[in-house]
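Participant: Below, each chain spelled out in residue letters.
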Amino acid sequence: MKNITVIGIWVLGLSVMLSTGCSNDKKTEVQKTAEKQTAEPASRNQEESQGIVLLRGLPTLGTQHSIAIVELDPESQKFGDILHEFVYEDFEHPLHHLYYSPNGRLYATGLDPACSLAEIGLHRDASGSPAIKGMQCLDTQGQQVGEDIMWHTVNGKQYMFVTFMGGTGVSQADGGSIGVFEPQTNAVVKVIEARRSEIPEGAPYIMYPHGISAYGDRMVVSSTIHPDLATGVGNALTIIDLNNFTPIQNITIEDAKPVGFPSSPVEVLFVRPEISKLAKPSVLVNTMFGFETWQVPYNEADKSFGNPVKVYDGVSSGTGVPLEFYGTETELFISHALPGVVKRYKLDSLPELVSSGPDIQAEAGAHHMIFYPTQSGRKVIAVQNNLLNLGNAADGDPTDVDFIAKVNDHSITVSDLMTGERLAAVNFKQRYKKGVENVEALFGSGFVHHH
Amino acid sequence: MFRTLVTTTSVAGICIGLFGCKQEPLTATPLKDFEAPFVFGHFQVPADNALTVERVALGRLLFYDPILSKNNQVSCASCHQQARAFADGKHTSVGVSGKPLAFNSMSLVNLLWGPQHFFWDGRAKSLEAQALVPIQHPDEMGQDLDILVKELSTHAEYPSLFAAAYGDISPQHIAAALASFQRTLISANSRYDQYLRGEITLTDQEELGRKLFMAHPDAKASQRGGNCIDCHSQFVTAGFSTRLDGFSNNGLDVEADLKPGLAAVTGKPEHRGLFKVPSLRNIAVTAPYMHDGRFATLAQVLAHYNSGIEPSTTLSPLIVEANNQVSDTAGAISLNLSESEQQAIIAFLHTLTDTDFLTNPAFSDPFNRAQDATAQVSKDAR
Chain A
1 MKNITVIGIW VLGLSVMLST GCSNDKKTEV QKTAEKQTAE PASRNQEESQ
51 GIVLLRGLPT LGTQHSIAIV ELDPESQKFG DILHEFVYED FEHPLHHLYY
101 SPNGRLYATG LDPACSLAEI GLHRDASGSP AIKGMQCLDT QGQQVGEDIM
151 WHTVNGKQYM FVTFMGGTGV SQADGGSIGV FEPQTNAVVK VIEARRSEIP
201 EGAPYIMYPH GISAYGDRMV VSSTIHPDLA TGVGNALTII DLNNFTPIQN
251 ITIEDAKPVG FPSSPVEVLF VRPEISKLAK PSVLVNTMFG FETWQVPYNE
301 ADKSFGNPVK VYDGVSSGTG VPLEFYGTET ELFISHALPG VVKRYKLDSL
351 PELVSSGPDI QAEAGAHHMI FYPTQSGRKV IAVQNNLLNL GNAADGDPTD
401 VDFIAKVNDH SITVSDLMTG ERLAAVNFKQ RYKKGVENVE ALFGSGFVHH
451 H
Chain B
1 MFRTLVTTTS VAGICIGLFG CKQEPLTATP LKDFEAPFVF GHFQVPADNA
51 LTVERVALGR LLFYDPILSK NNQVSCASCH QQARAFADGK HTSVGVSGKP
101 LAFNSMSLVN LLWGPQHFFW DGRAKSLEAQ ALVPIQHPDE MGQDLDILVK
151 ELSTHAEYPS LFAAAYGDIS PQHIAAALAS FQRTLISANS RYDQYLRGEI
201 TLTDQEELGR KLFMAHPDAK ASQRGGNCID CHSQFVTAGF STRLDGFSNN
251 GLDVEADLKP GLAAVTGKPE HRGLFKVPSL RNIAVTAPYM HDGRFATLAQ
301 VLAHYNSGIE PSTTLSPLIV EANNQVSDTA GAISLNLSES EQQAIIAFLH
351 TLTDTDFLTN PAFSDPFNRA QDATAQVSKD AR
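Which chain is which? The protein sequence lines are A and B, in order.
For what it's worth, full-length UniProt numbering labels the leading residue of the first sequence as 1, then goes sequentially.
For what it's worth, full-length UniProt numbering labels the leading residue of the second sequence as 1, then goes sequentially.
Everything labelled a hint here was simulated from the structure, so no lab data went into it.
Treat the numbers as computed from the prediction; the structure is a model and nothing was measured.
A couple of the hints might just be wrong.
To be verified - Lysine-lysine pairs mimicking DSS-like chemistry, simulated, CA-CA at most 25 angstroms apart:
#	chain 1	residue 1	chain 2	residue 2
1	A	Lys-277	B	Lys-220
2	A	Lys-78	A	Lys-277
3	B	Lys-32	A	Lys-133
4	A	Lys-280	A	Lys-257
5	A	Lys-433	A	Lys-78
6	B	Lys-32	A	Lys-277
7	B	Lys-32	A	Lys-157
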């Protein structure tokens, strides 16, 4: 693991993003429709096994960024086929993560400063097939490098919260913001910012926020890494009081430094009754460069957070770069980019990580995932294997970084959910000359808890 | 791309017309600018009845043409009126015989999605199969199909329209054309649709109603709910696409009075009193309500769900379970919503009215217009 260095990464400039994303934890209109339509396997909704993916054009291969609908049923003749593709040419950097709102509207965060957040228009043509009819970049009031989105209701009012790792300008060394949007109009309600250079020494700060989760009137965001991957790396969480949208506390999440960098907390998950009635409320945190998973106990009565406890150690377990949390009705899944594996735990035992079954062997860069049934009713998991969609020196790609190239398989692998057995894989670089940035289930996200 | 003429030789088929069939080529103009909301879900059109401009235009004429009935006075539109979201405002419909039918007319909307079972009891398996039922029913249109085919074959315009759309005139093609027109009856611009698209914000009362409509009550967790979504999850389209999902007994009648309902189709005693959960789109304009039109207003519907549920062996357990109060007097099945909560649900139901749909010229009576109906339909087809 010594060769994991961030040296050289800064040549990449601001475009380089750590991609970990999420969606809301409530079932969307789209999911509800899908569920009802799939109550009986005999008349299964065939779109359930379709994924919507963000593809990155690779500079040396002459391809363009696009949003594509891909068949992911390993039992289908069309496995891996792009069923529909919407190419967008206006931006140098691609869209980053897809999310369905609770009302079934599709959004994407973006890496290009000109499009840090977008709403994507989906519709159906006369054959009934889904098609993408366009995308609209939203006004973020200057916030850049959108990462995660979470819809959350506080004091009876729903908001769309977005983490912007570049804050109100990637040129800021200590930037980062949470955009609070009115979910109907997409208008910015508030920009939550607290740059260290602009607040009193020791006051709670927000820096490079990426992961986001909330319970009641408390929100947690992580401090991950400056978008240029060079200016700075974070090692803490920020607690935000949602009654007044103000940061109230920082919690340092750090122990050993296996690669010599700050821990870089990435995704966070507020374990709360909505996720499991039995689990104790607490915050789970993956540290990208610490290779660990931590839990921070939460006392609901006085709304206080306890001391962080390490619950998973990657170095001793042979894994690195833990990224996402995804939950089904009964299990929590955590992806580890190295060596490319998804581990699973009993939801009701959280915040303890009690194994619930065999690992899902993915590929280097194991990252986002979706769950769905195949035609025959077999339950499967598809994992998108790419930490960052950058090039490879072998292709003469100027965006090559050794470390990154090693955690980029450019594939989606599909495994049996029960046994972990690999059923199929599609390599987007080989097949389409593109990188795969993110995957979301087209019709029914297939997971219920993500933030 | 539009005006692409896909020319297919019409395969001989069976020609029923008295005057034989001219072997004219089909003209299959794809519907241009067709658009449907993604969230409605996938739909499938039968492979042998793809939507074309010609078929939809023909179907619209037939739908509004009383020539389909025995006395040439009743058309489909007699009982399915656009301004009423294609219901008829009567308790139970009346056709050629003047004898009231057993059932309340059904709204025709978003039929592309959902049902593989049409009618209140689900006895028709496709729109094509459904269409021939009212035509022949002695109380509805009372028409003999052979006679109808003859009449259409001697008509000044229908032969060429059928030739272009299907090749020839047959009961199957009459049904197919009617089905094609009905598949284009898409409603997607109610206030609720606009809300889903983020174009508007609901009022506080509508929003409360929306939440109650969507929530299953849990008195212990102080979660209030109207429980409607448990059965009406496909309320913006025309029902459920899976087998017999979407038929239930919502407590209208006591055991002794249960009508056969779905049992008329399946023969299963446990299906007695189960009826199709209908679309709630445009519900504010489709009174009276329920399969027999027993409720004149939405307030009566809410009063029924709130405290008028009749027990029976086939009553939906989803209704039995739902209560906003921790305990009730023994045996009573009651939702226990407050008056203002019921009003809020009604306000929400009103957001489902789509005036664009109710006035869309493409769905209107072509015989009321001076201009050529076919041209009008192809112009408006979407």
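Participant: Need the list of violated hint numbers for this structure, in ascending order.
Facilitator: Hint check: 2, 4, 6, 7 fail, others pass.
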